[in-house]
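These protein sequence lines map, in sequence, to chains X and B.
Its first residue numbered 0, the first sequence is counted upward by one per residue in numbering that gives the first Met the number 0.
Its first residue numbered 0, the second sequence is counted upward by one per residue in numbering that gives the first Met the number 0.
Just so you know, these hints were derived from the structure itself, not from any lab.
Wrong hints could be hidden among the right ones.
[Said to hold, decoys possible] Where chain X lies over chain B, by a calculated footprint (3+ residues, C-beta under 8 Å):
hint: 1; stretch: 122–130
hint: 2; stretch: 142–153
hint: 3; stretch: 171–180
[What the hints assert, rightly or not] Stretch by stretch, here's where chain B covers chain X in the computed footprint (C-beta under 8 Å, at least three residues):
hint: 4; stretch: 236–250
hint: 5; stretch: 310–319
Predicted model only: the values in this text are computed from it and were never measured.
Positions of the beta carbon are idealized from the N, C-alpha and C atoms, including for glycine.
Given next are the chains, with one letter for each unit.
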Amino acid sequence: MAEVSAGRTGSSAAPRAVAEEKRLNMVQALNEALADEMARDETVLVMGEDVGPDGGVFRVTEGLIERFGNKRVLDTPLAESGIVGSAIGLCVGGFRPVCEIQFMGFIYPCLNQLCSHAARLRNRSRGTFAVPMVVRMPYGGGIRPPEHHSESYEAMLANTPGLKVVIPSDPYEAKGLLIASIRDDDPVVFLEPKRIYRAFRQAVPTAPYEIPLGEARVAREGSDVTVIAYGAMLQVALASAKKAEAEGISVEVVDLRCIVPLDVQTFVDSVVKTGRAVVLHEGPRTCGVGAEVAAAIGENALLSLLAPVERVTGFDTVFPGALLETHYLPHEERVLAAIRRTIDY
Amino acid sequence: MPITDVYSATTRRIEILDKDGKVDEALLPSELDDATLQRALELMMRMRAFDEKALTMQRQGRIGTYGSMRGQEAAQAGLALAIEPDDWLVPSIREQGVLEACGVPMRHWFGFCKGDERMAVFPGVNALTPSIPVGSQLLHAAGIGMALELRGEATAAIGFAGDGATSEGDFHEALNFAGVFNARTLFFIQNNGWAISVPITQQTRSATIAQKAHAYGIEGVQVDGNDVLASYVASRDALRKVRAGEGPVLIEAVTYRMESHTTADDHTRYRSADEVAYWAERDPIKRMRAYLEGRGLWDETRHEATLKKLGDDVEAEVARLEDNAPPPPTDIFDHMYSAMPETLRAQRQALLDEIAVRGGNGANHG
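With these hints in hand, go ahead and build the complete structure from the sequences.
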């Protein structure tokens, strides 16, 4: 994948005028975020399967156990419910655990802990107890793995009140959003687009920085149509925008960053300006994030619309095996076709 | 190549006070002075008085669904006598007795059963809000115990569950995590014989629940759960070990649920009157009273006076419960997140606008 522009617009982007930067891929940026926060706050723990000497199956936790020891980095038994459930207890006991679930396809065993407890403890204790936990997990397709290793269940989690759902789209975003997630006092599910874990490097400030949760950004300015995306699909959106430009179509791209809290204002403002919208994600279509975004556009920008809101999404199917995944995953041509439909309407 | 035994274990059971009120003097803990023995009986009587009131109030429609703890007073009172103020309690839905004994005013439990979420926060103790998804809370107790171990605090986290919960995966994951991380956790399992309608014999083929602890490398002990002295001794020893960071412990208190699972259940559909009568003979309060009377520490006059005082205490709690104004409708929104998201703020405002239009306090609609 091509080098992406580090250029950012929109009021929410963190200041770029920093003294030191390193060129990092997303895995390295996430690793820096974890190390920075563990160094800053001794209540921050990292826990999960193979997060110790192995450094995690994608190496996001590499070097942490050597630096912080086995009381800060807990290699846990192989049990997702055990990881999230005991992390809730650790939160009550004064820690801020960052859990790793090895793949999003394996979250079902911990959903009871995540949805019945982590998401609800603050409410059911009337604010007496908080769950300042991050549950990190690689999500999405594009690496041709075995079954259950490519899922995108963000809509399911976004439909669970009490959770925050954060999805970075590049290394810079990954570091700032993970740091903000760790410092946040609510349970955050942090979805890492594994397809672009090592796809490209980007200038990332050495010093810690936060990207506030719940603030989307305009990743590319344009005037004819708005493409709303997040995670790995943001790169597809940007590449599609570049191709559309060659056809004389000016595409604005909005990176949602967070599904919860959802920043409706930023994408509505964009659609009011452009009059056209394409929502892009790789999770299934029906009741997906795209449906929510389209509804919000309908509620807030109906009279600005020059064409129906287009959805480019995964199908309402099981994520296919490796030989068929390129047919499933939204790609540039599919996005371009949707862009053209909004123009030609 | 020899064949060897690689592991074997035995599971102990502790009984001190038999069903007729006779005590095994050799096992009677010397630190239990007369006043403490009397307090043990009073705690159990208090639990029963509140329990009876709750059942009555449920029938009158003054609280919602209620799970009685009748029959389990000894298990909870014995444990309560061994709990220190800093210990953590991670209750399920039948731990009102031990919470009361630790100082939680019972209007809080009644309020919890009424659907007043404000009341499910327990003052004066380190206790989580009762957990309804069966067995899931044991992992929270394991996690709190891990936190205590990481910080080296001489405190215990006590996780509660019943026999049915031991079939849930989270029970096993909790024991396993506690074992691996040497959590300062006591798993206090009240085996009351029934998980709604399913008897313990259909819940597990194990002879005991206590023995399941051995599989996770932690200590497991069984007690006569209708014997307040046995429950105390097992809890005292377990909590000493747990607080010292010498490993988690599981206590199985074998007791009996004298009432239905909750007020929404009818136990006559699935168990015999003979079985209930068998356990009524083994009532925890009856045997402790007989023991104390035999020692001259209790008599009819004291018993009546205690019941009278408990009646007054119960009524005072109910009065305070029913003095509570209902929570404001905005309580639905106000504790969901550390800071309220915009989308939620809009929904909150929409509810307030709706209430303003229909007038009144918003408690009713239509």
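Going through the numbered hints above, which ones does this structure break? Give me the numbers in ascending order.
The structure breaks hints 4, 5; every other hint is satisfied.
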